[in-house]
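Keeping their order, the protein sequence lines are chains P and A.
Taking the UniProt record's numbering, the leading residue of the first sequence gets 1, the next gets one more, and so forth.
Taking the UniProt record's numbering, the leading residue of the second sequence gets 1, the next gets one more, and so forth.
These are computed hints drawn from the structure, not numbers from a lab.
All values derive from a computational prediction rather than experimental measurement.
Be aware that a few hints might be false.
[Stated by the list, open to error] Each computed SDA-like pair below joins lysine to any residue, with the alpha-carbon atoms no more than 25 Å apart: (1) A:K64 x P:W117; (2) A:K64 x P:T112; (3) A:K64 x P:L27; (4) A:K64 x P:R24; (5) A:K64 x P:V17; (6) A:K64 x P:A8; (7) A:K64 x P:R89; (8) A:K141 x P:A12; (9) A:K64 x P:D5; (10) A:K64 x A:Q92; (11) A:K64 x P:R211; (12) A:K64 x P:T119; (13) A:K64 x A:R29; (14) A:K64 x P:G85; (15) A:K64 x P:A142; (16) A:K141 x P:T3; (17) A:K64 x A:L142; (18) A:K64 x P:V87; (19) A:K64 x P:G28; (20) A:K64 x P:I7; (21) A:K64 x P:H155; (22) A:K64 x P:A146; (23) A:K64 x A:R167; (24) A:K64 x P:L204; (25) A:K64 x P:T88; (26) A:K64 x P:S120; (27) A:K64 x P:L101; (28) A:K141 x P:A8.
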Amino acid sequence: MRTDDLIAALGAEPSPVRPVPLGRVVLGALAVGGAVTGALFAAFWGVRMDLSAVLFDPFLLAKTLLPLALGVLAVPVGLASIRPGGVTRAAAGLWLVPVVLVGLVAVALWVTPPALWWTSFVGHSIATCLPSIFLLSVPVSAALLAAFRSGAPEHPARAGAAAGLIAAGVSAAIYSVYCTEDSPLFYAAWYTLAMAAVIGASALAGRHLLRW
Amino acid sequence: MDDPRDLRWANLLRRANRGERQAYLMFLREIAPVLRGVIVARGGARIDDSEDILQNTLIAIHEKRYTWRDGDPVAPWLYSIARYKTADAFRQRRRNRADPLDGVELTTPDDATVDPSVSYDLDRLLAGLDDTSAHIVREMKLRGASAAETGAPLGMSAGAVRVALHRALARLSSRVGQPDAPPRTSKEKTHENR
Numbered sequence: 001m002r003t004d005d006l007i008a009a010l011g012a013e014p015s016p017v018r019p020v021p022l023g024r025v026v027l028g029a030l031a032v033g034g035a036v037t038g039a040l041f042a043a044f045w046g047v048r049m050d051l052s053a054v055l056f057d058p059f060l061l062a063k064t065l066l067p068l069a070l071g072v073l074a075v076p077v078g079l080a081s082i083r084p085g086g087v088t089r090a091a092a093g094l095w096l097v098p099v100v101l102v103g104l105v106a107v108a109l110w111v112t113p114p115a116l117w118w119t120s121f122v123g124h125s126i127a128t129c130l131p132s133i134f135l136l137s138v139p140v141s142a143a144l145l146a147a148f149r150s151g152a153p154e155h156p157a158r159a160g161a162a163a164g165l166i167a168a169g170v171s172a173a174i175y176s177v178y179c180t181e182d183s184p185l186f187y188a189a190w191y192t193l194a195m196a197a198v199i200g201a202s203a204l205a206g207r208h209l210l211r212w
Numbered sequence: 001m002d003d004p005r006d007l008r009w010a011n012l013l014r015r016a017n018r019g020e021r022q023a024y025l026m027f028l029r030e031i032a033p034v035l036r037g038v039i040v041a042r043g044g045a046r047i048d049d050s051e052d053i054l055q056n057t058l059i060a061i062h063e064k065r066y067t068w069r070d071g072d073p074v075a076p077w078l079y080s081i082a083r084y085k086t087a088d089a090f091r092q093r094r095r096n097r098a099d100p101l102d103g104v105e106l107t108t109p110d111d112a113t114v115d116p117s118v119s120y121d122l123d124r125l126l127a128g129l130d131d132t133s134a135h136i137v138r139e140m141k142l143r144g145a146s147a148a149e150t151g152a153p154l155g156m157s158a159g160a161v162r163v164a165l166h167r168a169l170a171r172l173s174s175r176v177g178q179p180d181a182p183p184r185t186s187k188e189k190t191h192e193n194r
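Isolated chain P (complex conformation) (with noise of 0.2 Å):
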């Protein structure tokens, strides 16, 4: 067929469209696989006994706070991955919070005796804390890959990346109400490693998914 005749085809078809509110359709993906781990949370899991007693440690805050910020800022990054040409400015923000992260650490380096930097460190939740935030992440990210696809993803292992940042800050932060690690020292090592397992799963899902 040649270019033309191609050309003559595509402008022969009945071509009124709506444009796709790409930034409703990834919201809503994403209140609905935050409500399907949200439900699994309170089923499985749940909110541990002594949360409002704890609730004012800014080590506790900074555990739940960190990943959701970290998932928030990565809503826009979603989004642009999928529009073709799409910047943002959000991504530079992104960066903030590892260099939080970073100084909560030497915060905790300095308030724990080293004598108990290790125990802090390994905890005694690692084998929870690792798949517990990595399941509780699957709604969010299938969610936003199935939206995802309505989009144009230039590289589509980098949109299920994206997609899998916005997953993994959600769930760790649902699961941050549950555990009851308080060190930085424990949260900084293993969150950060289930989270960067989500998004190498999503990343590798989209790779396959996203595809056009």
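Add chain A to chain P, keeping to what the hints say.
Structure of chain A alone, referenced to chain P:
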């Protein structure tokens, strides 16, 4: 964004998305040579290939035109789609490299002298398409029916049939490249050409 060419494209695309066919045709005719340049520069150097990539890019633009937001610059949006389709073509070519017949130029067989096994392979391939697409490929490529003839009983315009045919052939050729697909035959090779 204030680039006059981009403003003109934005204007054409806006009107096209509202359903103005003439604006859409003008838009596609204007962007085609520019995109051809982008694709050739990105490495689709063999003219034959780059024309295939260009056509896939145009179809992609057509199918994804709802992702353009009024107010966004048009050129980066177009180039991103062209870059994706170029990279995608290279990915598929790399996958096809394992194919022993790749690179062997097969000539177009006369329809009357086609090897019967070809039609068997083709049937298997066509089984992977939806019924309408398979019907269109059979009618137009095997029986040589015209787009209008093929479209009439389906209630499709000739243009819609041609686009559907193009898409079906693109899907077939990508399936032929996959490892679990039946081997490439001369017939399908023919289909990739215009």
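Non-conforming hints, listed in increasing numerical order: Numbers 1, 2, 12, 17, 26 and 27 - these are the hints that the structure violates, sorted from lowest upward.
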